[in-house]
Amino acid sequence: MPFTYEYPHPAVATDIAVFTLRRGALNVLLIERAAEPFRGAWALPGGFLQPDEELDACAQRELREETSVDADLLVHFGNFSAPGRDPRERVISVAYLALLASDELRIAADTDAAQARWFPIDGLPELAFDHATILRRALEALGSRARQISPLFALLPPRFTLSQLQGAYEAVIGEEVEKRNFRKMVANLECVRETDDFVHGAHRPARLYEPA
Numbered sequence: 001m002p003f004t005y006e007y008p009h010p011a012v013a014t015d016i017a018v019f020t021l022r023r024g025a026l027n028v029l030l031i032e033r034a035a036e037p038f039r040g041a042w043a044l045p046g047g048f049l050q051p052d053e054e055l056d057a058c059a060q061r062e063l064r065e066e067t068s069v070d071a072d073l074l075v076h077f078g079n080f081s082a083p084g085r086d087p088r089e090r091v092i093s094v095a096y097l098a099l100l101a102s103d104e105l106r107i108a109a110d111t112d113a114a115q116a117r118w119f120p121i122d123g124l125p126e127l128a129f130d131h132a133t134i135l136r137r138a139l140e141a142l143g144s145r146a147r148q149i150s151p152l153f154a155l156l157p158p159r160f161t162l163s164q165l166q167g168a169y170e171a172v173i174g175e176e177v178e179k180r181n182f183r184k185m186v187a188n189l190e191c192v193r194e195t196d197d198f199v200h201g202a203h204r205p206a207r208l209y210e211p212a
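With our numbering, letter number 131 in the sequence shown gets 131, and the count goes up by one each step, no holes.
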């Protein structure tokens, strides 16, 4: 016998903030909405949870359907449930973030997205729903995770210079750090190891490192 309930059932959705580095600057992936509400506005990728679906799977599916991007590691960072955040109905959003290396990404809009584009964090358009709030919280969570250094490896090639790692760190936290202090922090965390390879350029060869 089916159960009946006397209280309303809010809808559940997922929203995903995907970050990458482009020309040394932190960028976030946005979609242009192809349907109402907020048709033509920019938003984070995301959508509604299906009845037979887990939240992580929903986030991965929606990201793939709307942007053609696959993210193996999604990190939950918050839930958003303000009444009226979606004009259609009461919607609770479970929010995730992901970090991806830009050379691994080929984005293409699909399903209910008119287009998908990267935007630099310091050049964002107005966002639909409460996605500006969600993105702000995502950046706070990302900044906290960056202090561990190892999450930043997802933004870099498999082998990288310490200058590249420092550039990723500075792009994420939004401020410059002194080179010696940064390298001391990395050494104390023991999160990278030297390789025998170097990058050769106009200046002194730079040693390549990899995750420890």
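To be clear, the hints were calculated from the coordinates, so they are not data collected in a lab.
Mixed in with the good hints, there may be bad ones.
[Claimed, not checked] Ranges of calculated distance between the beta carbons of each label pair, as one might list FRET restraints:
(1) A132 - R183: 22 to 28 Å
(2) K179 - H9: 34 to 40 Å
(3) L73 - E190: 40 to 46 Å
(4) R23 - P87: 33 to 39 Å
(5) S150 - E6: 45 to 51 Å
(6) W118 - H9: 32 to 38 Å
Only a predicted model underlies this, so the values are computations on that prediction, with no experimental measurement involved.
For every residue, glycine included, the Cβ atom is placed at its ideal position computed from N, Cα and C.
Here is how each hint holds up against the structure:
One distance hint, 22 to 28 Å for the beta-carbon pair A132 and R183, is violated here, with the actual separation near 35 Å. Taking the beta carbon of each, K179 and H9 are about 54 Å apart, not inside 34 to 40 Å as hinted. Between L73 and E190 the C-beta distance comes to about 22 Å, which lies outside the given range of 40 to 46 Å. Distance hint check: the CB atoms of R23 and P87 are about 37 Å apart, consistent with the given range 33 to 39 Å.
Distance hint check for S150 and E6: the Cβ-Cβ separation is about 48 Å, which falls inside the suggested range of 45 to 51 Å. With their beta carbons about 36 Å apart, W118 and H9 fall inside the hinted range of 32 to 38 Å.
Checked against the numbered hints given earlier, this structure breaks hints 1, 2, 3; the rest are met.
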